[in-house]
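Protein sequence lines correspond, in order, to chains A and B.
Under my numbering, the residue at position 94 of the first sequence is numbered 445, and the numbers go up by one with no gaps.
Under my numbering, the residue at position 223 of the second sequence is numbered 574, and the numbers go up by one with no gaps.
Keep in mind that the hints were calculated from the coordinates and are not lab data.
Wrong hints could be hidden among the right ones.
Where chains are identical, the list cannot tell them apart; a pair therefore holds if satisfied intra-copy or between any two copies.
[As the list claims (entries may be wrong)] Calculated pairs, SDA-like style, for lysine to any residue (alpha carbon to alpha carbon, straight line, at most 25 angstroms):
no., residue 1, residue 2
1, 379, 399
2, 633, 463
3, 460, 533
4, 593, 383
Letter by letter, the chains look like this.
Protein chains: 2
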Amino acid sequence: MNAFIINGLKEAEKVKSEILNEVDSLQKTYGLPPGLAVVRVGDDPASAVYVEKKGQDARAMGFYFEEHYLDGNASQNDVLKTIQSINANPQIHGLILQLPVPAHLNPFKLVNAIDPQKDVDGLHPLNTGLLAQGRDEGFIPCTPLGCHHLIETVTKDLAGLKAVVVGRSILVGRPMALLLIQEDVTVTLTHAKTQKLPKLLKEADLVIAAMGAPRFIKGEWLKEDAIIIDVGINRIQDSSGKMSLTGDVDFESAQERVRAITPVPGGVGPMTRIYLLKNTIKAFKEKLN
Amino acid sequence: MNAFIINGLKEAEKVKSEILNEVDSLQKTYGLPPGLAVVRVGDDPASAVYVEKKGQDARAMGFYFEEHYLDGNASQNDVLKTIQSINANPQIHGLILQLPVPAHLNPFKLVNAIDPQKDVDGLHPLNTGLLAQGRDEGFIPCTPLGCHHLIETVTKDLAGLKAVVVGRSILVGRPMALLLIQEDVTVTLTHAKTQKLPKLLKEADLVIAAMGAPRFIKGEWLKEDAIIIDVGINRIQDSSGKMSLTGDVDFESAQERVRAITPVPGGVGPMTRIYLLKNTIKAFKEKLN
Numbered sequence: 352m353n354a355f356i357i358n359g360l361k362e363a364e365k366v367k368s369e370i371l372n373e374v375d376s377l378q379k380t381y382g383l384p385p386g387l388a389v390v391r392v393g394d395d396p397a398s399a400v401y402v403e404k405k406g407q408d409a410r411a412m413g414f415y416f417e418e419h420y421l422d423g424n425a426s427q428n429d430v431l432k433t434i435q436s437i438n439a440n441p442q443i444h445g446l447i448l449q450l451p452v453p454a455h456l457n458p459f460k461l462v463n464a465i466d467p468q469k470d471v472d473g474l475h476p477l478n479t480g481l482l483a484q485g486r487d488e489g490f491i492p493c494t495p496l497g498c499h500h501l502i503e504t505v506t507k508d509l510a511g512l513k514a515v516v517v518g519r520s521i522l523v524g525r526p527m528a529l530l531l532i533q534e535d536v537t538v539t540l541t542h543a544k545t546q547k548l549p550k551l552l553k554e555a556d557l558v559i560a561a562m563g564a565p566r567f568i569k570g571e572w573l574k575e576d577a578i579i580i581d582v583g584i585n586r587i588q589d590s591s592g593k594m595s596l597t598g599d600v601d602f603e604s605a606q607e608r609v610r611a612i613t614p615v616p617g618g619v620g621p622m623t624r625i626y627l628l629k630n631t632i633k634a635f636k637e638k639l640n
Numbered sequence: 352m353n354a355f356i357i358n359g360l361k362e363a364e365k366v367k368s369e370i371l372n373e374v375d376s377l378q379k380t381y382g383l384p385p386g387l388a389v390v391r392v393g394d395d396p397a398s399a400v401y402v403e404k405k406g407q408d409a410r411a412m413g414f415y416f417e418e419h420y421l422d423g424n425a426s427q428n429d430v431l432k433t434i435q436s437i438n439a440n441p442q443i444h445g446l447i448l449q450l451p452v453p454a455h456l457n458p459f460k461l462v463n464a465i466d467p468q469k470d471v472d473g474l475h476p477l478n479t480g481l482l483a484q485g486r487d488e489g490f491i492p493c494t495p496l497g498c499h500h501l502i503e504t505v506t507k508d509l510a511g512l513k514a515v516v517v518g519r520s521i522l523v524g525r526p527m528a529l530l531l532i533q534e535d536v537t538v539t540l541t542h543a544k545t546q547k548l549p550k551l552l553k554e555a556d557l558v559i560a561a562m563g564a565p566r567f568i569k570g571e572w573l574k575e576d577a578i579i580i581d582v583g584i585n586r587i588q589d590s591s592g593k594m595s596l597t598g599d600v601d602f603e604s605a606q607e608r609v610r611a612i613t614p615v616p617g618g619v620g621p622m623t624r625i626y627l628l629k630n631t632i633k634a635f636k637e638k639l640n
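Using the sequences plus the hints, can you model the full thing?
So this is what it looks like as structure tokens:
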């Protein structure tokens with residue numbers, strides 16, 4: 352039996368049309384659109400592309416968008432001042448600092464300076480703490496929200512399922528585990544020091560792969576009716592020298608076996624981008640209500 | 352083979368003598384002792400006893416201690432004002448709100464009003480978030496800290512162990528899971544919706560029982576070399592009508608089987624009380640450094 356392939360692109364298109372309608376209606380009601388600002392420091396080429404895409408998405412859906420670019424020599428204080436000025440700008444409801452920042456900057460202190468009510472990446476420790484306490488007034492990072500959305504395209508009945516989250520990053524693994532706890536899932540959070548991962552995966556109804564190791568998780572490690580969400584985006588080269596993107600799960604062997612699986616690309620990625628906009632709408636509404 | 356019985360009382364005495372020395376030395380260096388304040392609202396009899404014990408502990412070890420009592424009709428604003436005045440008091444380094452508060456009050460908003468740098472119960476969401484992100488500048492709740500201390504009396508080599516935390520309370524289960532993640536433990540957080548708990552426990556090197564169900568966890572569910580930390584404190588009546596305290600683990604059947612186990616009483620309880628004082632010392636040092 353072949354798995355149901357969860358189509359993140361199609362799902363993202365559906366949500367986009369909802370967002371378009373909602374932004375239109377908010378604009379009519381309040382006389383201004385939700386505003387998103389991105390602070391980018393230095394010349395990381397991937398970051399430049401990501402921020403450009405975020406801007407395209409946002410503008411295409413009627414948001415007001417600003418990019419604040421600082422060159423790679425900007426001081427901690429320069430970046431702090433930029434963040435503070437955006438915190439104070441009533442046109443901006445969501446503010447993100449594009450990571451990574453250059454090595455001479457302290458990203459934790461910069462994220463701490465973001466107004467938690469504008470923290471649409473959900474990285475401020477206050478928002479992490481609200482999630483960890485099971486309170487819903489904070490912001491949850493976009494990738495776990497996107498993963499959760501994709502899981503719900505397969506089943507909405509998560510209570511009592513066993514999940515294994517592979518990887519304990521601040522951006523994905525940890526908040527994903529905390530979010531699933533809220534959904535009454537029994538969650539095991541695993542990492543580089545975990546022993547016998549295949550044995551743990553064999554028992555999992557739900558696997559979130561987010562450790563950044565190409566095709567690491569093999570189909571034979573997985574339970575037959577499992578739902579697999581692959582957050583990995585790894586750039587690999589095949590024997591002919593061609594570059595391609597692959598996830599943390601060996602898609603070919605997994606899809607012959609499991610209940611449902613996200614592809615890479617076209618799975619989690621598009622949903623992550625969409626949830627940045629959904630979080631910005633949430634920030635807008637909470638500010639104006 | 353009988354288990355090693357982890358003696359929380361003895362361990363607490365050891366830590367107390369360290370604290371006595373440290374407070375003495377801080378007093379000499381800075382000319383004032385660490386200060387702890389407890390806000391208590393209403394006439395919950397257990398709370399009155401707990402606060403009295405906290406005050407006895409603190410004073411006996413050289414701390415400055417204040418209890419702020421408000422009667423059961425105090426408004427949210429009355430309690431907020433009390434918290435704010437203690438936040439502003441430089442003699443006080445640690446501030447806790449004794450829970451539960453009367454039902455007409457919003458405990459979340461009250462805890463949110465505590466200066467996170469005085470939040471020695473580790474309940475402010477900012478502190479929860481710092482723990483969830485694996486950062487060590489915040490405060491961790493006292494019970495998980497006490498549990499961790501007791502685990503380390505058995506082994507300091509936690510990396511790669513499998514832990515099952517039973518119960519997902521904000522005060523114990525959740526921060527316990529987050530703390531163990533920092534120690535490179537593979538953590539499964541379980542709760543009322545978890546299926547087949549005995550099967551999960553059978554695989555666990557470390558069990559933290561914190562769901563508040565007397566003698567619920569049976570010895571036969573446990574792995575033979577497991578370390579068992581029992582956070583439960585349940586008041587039960589035997590067939591002759593006599594009241595006694597019991598944990599969430601069936602101690603008799605468990606201690607015949609496992610590697611090490613905490614008794615109830617005399618296990619986690621005394622360590623929790625000690626860690627309130629240790630957190631207050633941490634707050635004092637961070638304020639004055």
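Okay, the hints, checked on the actual structure:
1. 379 with 399: Neither. Shortest intra-copy (32 angstroms) and inter-copy (55 angstroms) distances fail the 25 angstroms Cα cut-off.
2. 633 with 463: both (20 angstroms within a copy, 21 angstroms between copies)
3. 460 with 533: Only across copies: residue 460 and residue 533 sit 20 angstroms apart there, 28 angstroms inside one copy, limit 25 angstroms.
4. 593 with 383: Answer is neither: 46 angstroms inside a copy and 68 angstroms across each miss the 25 angstroms cutoff.
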